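*Asks:* Residue numbers (the numbering used here), protein chains in the order written: chain A, 25 to 646; chain B, 25 to 646.
Just so you know, these hints were derived from the structure itself, not from any lab.
Identical copies carry no separate label here, and so any pair may be met within one copy or between two of them.
Dumping the calculated DSS-like pairs for lysine-lysine here, alpha-carbon to alpha-carbon at most 27 Å: (1) LYS480 to LYS265; (2) LYS46 to LYS265; (3) LYS630 to LYS515; (4) LYS608 to LYS480; (5) LYS325 to LYS214; (6) LYS277 to LYS265; (7) LYS515 to LYS480; (8) LYS630 to LYS608; (9) LYS46 to LYS277; (10) LYS515 to LYS548; (11) LYS277 to LYS431.
All values reported here derive from a predicted model rather than from experimental measurement.
Protein chains: 2
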Amino acid sequence: MTSITDFLFGRALATHEERAEKIGPVAGIPVFGLDALSSAAYGPEAALTLLIPLGAAGVSYIVPITGSILLLLAILYFSYRQTIHAYPNGGGSYTVAKENIGEGAGLLAAAALMIDYVLTAAVGISAGVGALVSAVPSLQPQTLHLCLGILAVITFINLRGLKEAGAVFVIPTYLFVLCLVGTIVWGVIKAVMAGGHPVPVEALPALPPATTMVSAWLILQVFSSGCAAMTGVEAVSNGVKAFREPTSENAQKTLTIIIIILMILLAGIAWLANVYHIGATDPVKNYESVLSMLLRAVAGKGVFYYVSIGSILLVLALSANTAFADFPRLCRIIARDNFLPHSFASTGRRLVYTNGIYVLAILTGALLVLFNGVTDRLIPLYAVGAFLAFTLSQAGMVLHWRKTPGKHFHNMLVNGLGAAATGVTTIVVLGAKFLEGAWVTVLLVPVMLSVMMLVKRHYREVGDEVASHSPADFTNVEEPIVITPIAGWNKVTQKALRFCYAVSHEIRAVHVSAGDETDSAFCKDWSMYAEVPAREAGLPAPELVILDSPYRYVLLPIMEYVLQVERENPSRQIAVVLPELVEKHWYHYLLHNQRASVLKTLLLVKGSQRIVVINVPWYASV
Amino acid sequence: MTSITDFLFGRALATHEERAEKIGPVAGIPVFGLDALSSAAYGPEAALTLLIPLGAAGVSYIVPITGSILLLLAILYFSYRQTIHAYPNGGGSYTVAKENIGEGAGLLAAAALMIDYVLTAAVGISAGVGALVSAVPSLQPQTLHLCLGILAVITFINLRGLKEAGAVFVIPTYLFVLCLVGTIVWGVIKAVMAGGHPVPVEALPALPPATTMVSAWLILQVFSSGCAAMTGVEAVSNGVKAFREPTSENAQKTLTIIIIILMILLAGIAWLANVYHIGATDPVKNYESVLSMLLRAVAGKGVFYYVSIGSILLVLALSANTAFADFPRLCRIIARDNFLPHSFASTGRRLVYTNGIYVLAILTGALLVLFNGVTDRLIPLYAVGAFLAFTLSQAGMVLHWRKTPGKHFHNMLVNGLGAAATGVTTIVVLGAKFLEGAWVTVLLVPVMLSVMMLVKRHYREVGDEVASHSPADFTNVEEPIVITPIAGWNKVTQKALRFCYAVSHEIRAVHVSAGDETDSAFCKDWSMYAEVPAREAGLPAPELVILDSPYRYVLLPIMEYVLQVERENPSRQIAVVLPELVEKHWYHYLLHNQRASVLKTLLLVKGSQRIVVINVPWYASV
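Let's have the full structure, built from the sequences with the hints guiding it.
*Replies:* Here you go:
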């Protein structure tokens, strides 16, 4: 509410301002496409790395393998176009699978996607910082700090709201696209003009000799690694609601542009790698990324090279933002179905799902700290989650068309093809990457499913328990027995006691004995200041109860007394009136014991249905 | 209360068990004497280090300088014996200075002592670990962790209570005394038998050539450094109450033994250093402590050497315990005079002043972390505090005897001599060590004085404000206006509403509008389930207030409404009844929003004298 909060997080937005926070394709591409586009920087590289043992011959395999990946991408594109159209309120894999296959399938997709988003965020940040660190080796010892710093910036931007997130990411994303597409066009022109045998502007490292023969297993591994380039395609369909009217059209337009750019990048990189004979280099010694070699080969190591490398670093690091745009939305949808705590579904002051952002930031931060900022080993884990979600979503779409009245044979075919292709790919990736880490996903998914089921069960049980469809019973309402702890006679006590009479005439004041001469002084005060005026006002005098405390505890004897009175009066309500001195300044709380607060908590935790706590504050003016 | 707490911290002790927790001289020496005795391990060393530039001639100066330190110690001893006798309830410098000179002098002594205790704890632990680390250099990188580990152990032992603290420290303390006194006696016998020119069992490093001439300033510096050996003498007088009957006699006995042992150690080390020509070594290269050289010279590097070095390390590290025994007691005395938060004066479950222990542990830990476990630079700071306290205490004693009826000329003379000697020493130490860090103490003391004054002022102001010596006014007690926030119709709501009628007939139910179709459903429920039965029971129906909330806030509109009702009814009390679902398991709290708790806090902080909060809990059984 203060101006500092406004300055940091932006002013609070009213519900009716939501429309203005919605985005079009120009902002949609950076927000929902960063993940998909940035994967062009590591997908081909991951595939080429596995081809190193094949030597010079290996590089030529990249073209057909990329071809198959592009085919899969095209199938996915048409599948998801249909999903966006059919689910204009956001058709993430969770929604589509749940509505068409069943709750279990929906939760399976949700668990897979949640894992995927956390991994995307961690791997994206870590890959960006990794690239930066290989460019500027002196930053090496700061790897983890850089990762956490970027995580903090992304978290902060997302807490400010979606529109601004889009604005911040527009420049690096478009710079990245311009540089890479430019390089590819330029490279293709050069290569075509050189009759398919272009001469690199700068010398490239020679391809190593072949050490192994090509095998079907190797090709499967390469394909599986290359599939990492496809994660993030789901993002747009999940976030349809974030687009401005006409939402479906804007979302489809955004998806189309993202997929076209991604295809150009993947195809161009693969073809140029082949004609320029660019293979991956050893990741440990004399490492140079494929994109770096490609840029040097086409354009040389000039200003353009450095601008391009800079944009790659930036986009990789910021690709984590896609996870931040989508993870909270996914959690919200699941929470609205009671499978996650409801707090994930409440929008914060800037119309974003604050809790989802916090949870993602914490999990990502934990992964980064755990892996010390180097998360290469996490890459195999996340293609599994993504393709599992793809499959469930497309299979759900097939059932969706079957249920929908009218002829949808063509639509069913498209989604069926998508489901089959992604299903096969899921099995291939799982098989190829099981030992390298995909087993973690296989273990984690059932755990998450169980947690979500338990959350739902708890909500249902509590809901059933408190549900009421009957009128209240206001007959025979009796005044409560009031118990008030009193340490000594002062204005705070006096005020609380007066309030006791406002709610009941049956008052018991409890005083914990100090075991010394102060007890009798208190009793004298009490009779003079409380009992006498009560009788004079025609009220029954409050009963004074002195409690012994051999262990110098103050709260326990009071607690025990309250529970005893409750037991002895099974039909009555017990109201515990707690006088509390409220200090003017927070630091004054250090000076006073917090007995009233502790007693409040104790009574709440150890209390029973018939015990009610009344807090009578007394405000200090000094 | 659980058995784990009992196991860790010992069972709770009743007030009547306090006597059994009191100690005699055997346990008193480790508890209150560790600080003083352990200083024999660094006092002479600190003095000899400053004599290095004088070369071989320098070592001979140690005998007369130690003589003057012993003289000062003797004066202090007789002074403090009298203090213990005159103040059997604990006559720390604070008490003596406050009662005899004035509040200001008392606080000055208290501030000086508090600084001193924190420094003692940090320097003791760090010196012990430093010695250990020079013996086992591979532990070097773990210095800070070792320091914090020892701090944790000491804190933990002290939280368990005094008697056990004594028991744990008995063995290392007596081992230390036995080893060192044994070495000194053995060394003196050898030296006397060799006609004052003993031959070391093992070769010692040669004394370096002289690089400077002796000067009065240098001698003053050496004396000031040697005075570090005297801190901790105050401890016994502060803790008289911890001794068993006869308390004064037991405390005096303890002090006598501590001082005698300390004098033997200081005198023996000085004399033997002179006859064996042992000087301090360069602290940076080829460092060996004076005690290590002395042990080698007298006994050789055998089992006895290692046992002795071990006991020295242990005693140094544990000397921090004296601070832990005394600092909480000092804080308690000051807190009882309202100069520190009252929580310092409440005994915990084991009859120790828990908060004082925590504060000391935190401050010591902070110093250790700040100085990375190497606190040599702190040593000059703490002699100033100790001697300032000594001076104020002895000066106070002089005035005490003047006020006491009867002839006390002899007593006055002893304490007057003590005051003069320690006063001069304070000025000497402050002058000699001002630039080396004593200025920090000079700056810190006024800050602490101001804080203590402010604390006292706050207690006085609040006390004055709430003080009441008049009877309560129980006339014209009116029932409160009850406001209860209601989100939807369920058993939690129903129960709270019934309680509303138990305390008042003027009830306003506030419902924050969601701005959608659920509002009208709620209104229908409300009229059917609440209004109709109220009228049927012959009660006025509760008024339903629907609040708009364009920013989706739930709590703020309720808060604003409560304050508005309060303004509109200046003569009425407003009772806000908050229904709250209490979960059976703590982890279920993650699943529900904490609106009731937040609203309780908001109402307490932003509320006014006329607003009372009533919490009606509903306990979930699942």
